[in-house]
Amino acid sequence: MKDEQTKGNDMNEAVHWYAVTTVLLFVKMFAISLFQGYHRIGKRTFKTPEDAALVGRQAAAQELPQVQRGANAWRNDLENIPIFLALGVAYVWVEASPSLAPWLFLSFTAARYLHTMFFLSALQPWRTIAYGIGILCLFAMCAMIIAALL
Amino acid sequence: MKDEQTKGNDMNEAVHWYAVTTVLLFVKMFAISLFQGYHRIGKRTFKTPEDAALVGRQAAAQELPQVQRGANAWRNDLENIPIFLALGVAYVWVEASPSLAPWLFLSFTAARYLHTMFFLSALQPWRTIAYGIGILCLFAMCAMIIAALL
Amino acid sequence: MKDEQTKGNDMNEAVHWYAVTTVLLFVKMFAISLFQGYHRIGKRTFKTPEDAALVGRQAAAQELPQVQRGANAWRNDLENIPIFLALGVAYVWVEASPSLAPWLFLSFTAARYLHTMFFLSALQPWRTIAYGIGILCLFAMCAMIIAALL
Chain A
127 MKDEQTKGND
137 MNEAVHWYAV
147 TTVLLFVKMF
157 AISLFQGYHR
167 IGKRTFKTPE
177 DAALVGRQAA
187 AQELPQVQRG
197 ANAWRNDLEN
207 IPIFLALGVA
217 YVWVEASPSL
227 APWLFLSFTA
237 ARYLHTMFFL
247 SALQPWRTIA
257 YGIGILCLFA
267 MCAMIIAALL
Chain B
127 MKDEQTKGND
137 MNEAVHWYAV
147 TTVLLFVKMF
157 AISLFQGYHR
167 IGKRTFKTPE
177 DAALVGRQAA
187 AQELPQVQRG
197 ANAWRNDLEN
207 IPIFLALGVA
217 YVWVEASPSL
227 APWLFLSFTA
237 ARYLHTMFFL
247 SALQPWRTIA
257 YGIGILCLFA
267 MCAMIIAALL
Chain C
127 MKDEQTKGND
137 MNEAVHWYAV
147 TTVLLFVKMF
157 AISLFQGYHR
167 IGKRTFKTPE
177 DAALVGRQAA
187 AQELPQVQRG
197 ANAWRNDLEN
207 IPIFLALGVA
217 YVWVEASPSL
227 APWLFLSFTA
237 ARYLHTMFFL
247 SALQPWRTIA
257 YGIGILCLFA
267 MCAMIIAALL
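Residue numbers (my numbering), protein chains in the order written: chain A, 127 to 276; chain B, 127 to 276; chain C, 127 to 276.
Extracted from the complex, chain A is given alone in its bound form (with noise of 0.2 angstroms):
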């Protein structure tokens, strides 16, 4: 099915990878609203007046710091990852690169995991290194993306 529709399998090969790191990064994403959520939770915490109300207390005049944390490790993702899915399916469409687009991709992957992990840990040099190493593999894409253009 899958020749069908990508014409063999150097397309395969970057949509496969495509799918994998869009399935990652999701489950990245998500694991910062699970954070978020324990320590809300655990803390019973809630900012938002309606939320707070359903564990009978008064709002919380602002987010827990571990909240706040999680926010901007969120934001951060936000700045980066959405680009990078839209990137990744101009790279697929103009045919750039087939076999660095694993490399391409699982890094980019990679680099943000570490990120949030950075973030949640308030490790720094470590997470503008990690935030580097993903603006890096964007430009990458954007140089391959324009090569195959030309």
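To be clear, the hints were calculated from the coordinates, so they are not data collected in a lab.
Don't take each hint at face value.
[Claimed, not checked] Listed next, the stretches of chain C that the computed footprint assigns to chain B, with coverage defined by at least 3 CB atoms under 8 angstroms from CB atoms of chain B: (1) 212 to 223; (2) 237 to 251; (3) 262 to 272.
[Claimed, not checked] Listed next, the in silico SDA-like pairs over lysine to any residue satisfying Cα-Cα at most 25 angstroms (straight line): (4) B:K173 <-> C:L246; (5) A:K173 <-> B:V193; (6) A:K169 <-> B:L249; (7) A:K173 <-> A:R201; (8) A:K154 <-> A:R195.
[Stated by the list, open to error] Here are the in silico distance ranges between beta carbons for each label pair: (9) A:A269 <-> C:N198: 26 to 36 angstroms; (10) B:G182 <-> A:L160: 43 to 53 angstroms; (11) A:I272 <-> C:L262: 21 to 31 angstroms.
For glycine and all other residues, C-beta sits at the position ideal for the given N, C-alpha and C.
With chain A fixed as given, assemble chains B and C onto it according to the hints.
Relative to chain A, chains B and C alone:
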């Protein structure tokens, strides 16, 4: 023309519902911006100084409660909808179950519509239930993608 | 190779401009991060404690005004660009008007470049006009997608 692109009605089905849900989710998210703009303009309350100056006001110290609630709905949308849209691409590309596609895509979309309505209306536990249904759809899409890859 | 994948020059056209705009939008969003990093590093002001510690400082009580302005530009980008990128995929897949594709994709991209410049420069009503042009492009893409589905 579509038959040329997607090779058969099965793939057409998933592509068709991907397009429908993308349009529906855009409209839903834009509705939050309308809700925020309605309150900002109606009450002439703007946190950004140059916006307040347009209506001859000083910048507000903070956003209106309705605008903050809209921002929270937006944030939850951005944590869920872009990854849904990328999982949808992977779903189509790996030719995961075409017969489940409309159910999964439309259930997710309906859950997100309800989530926004419940968030703006401060209705709990309904908001959390709607969020959970959306997450279940995302995990089901991951399972179908992985099954197609194996 | 591209002819094999996309079956004809018309689809190539939309795919080509999708790839170009994705790269351009990545560069534009990354520019906001550079702007934020320039101010954070230049003024050695960091809200995250472990970042401040790297330069031997205490954590700042809040982000610099320029960093906050960058964060607002980022937030508006994230509310508009990921859904554009997904509508672009739907646009290509349903084979909506290929001749309009470059106009719509590039107008949206130009509008978002202007939006960021006007936001960082606090120029109103120009920022709202640029935002509105972007939204009009998104609605036009929806209309073309729906027309192709009917």
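Here is how each hint holds up against the structure:
Coverage of the segment 212 to 223 of chain C by chain B holds. Counting CB-CB distances below 8 angstroms, 7 residues qualify, and the rule asks for three or more. For the segment 237 to 251 of chain C, the assignment as covered by chain B holds, since 4 residues bring a beta-carbon within under 8 angstroms of that chain's beta-carbons and 3 suffice. Residue count for the segment 262 to 272 of chain C with a Cβ under 8 angstroms from a Cβ of chain B: 4. That meets the three needed, and the coverage hint holds. Simply put, B:K173 and C:L246 have alpha-carbon atoms about 15 angstroms apart, close enough for the 25 angstroms limit, and the pair holds.
Straight-line distance between C-alpha atoms of A:K173 and B:V193 comes to about 15 angstroms, which keeps the hinted pair within the 25 angstroms bound. Taking the CA atoms of A:K169 and B:L249, the gap is near 22 angstroms; set against the 25 angstroms cutoff, the hint holds. At roughly 18 angstroms between alpha-carbon atoms, A:K173 and A:R201 fall within 25 angstroms of each other, so this suggested pair holds. With a C-alpha separation of about 15 angstroms, the suggested pairing of A:K154 with A:R195 holds against the 25 angstroms cut-off.
Judged by the Cβ atoms, the range 26 to 36 angstroms given for A:A269 and C:N198 holds: they are separated by roughly 30 angstroms. The supplied range of 43 to 53 angstroms is met by B:G182 and A:L160, whose beta-carbon atoms lie about 47 angstroms from each other. For the pair A:I272 and C:L262, the beta carbons lie near 28 angstroms from each other, so the given range of 21 to 31 angstroms is met.
Going through the hint list in order, the structure satisfies each hint without exception.
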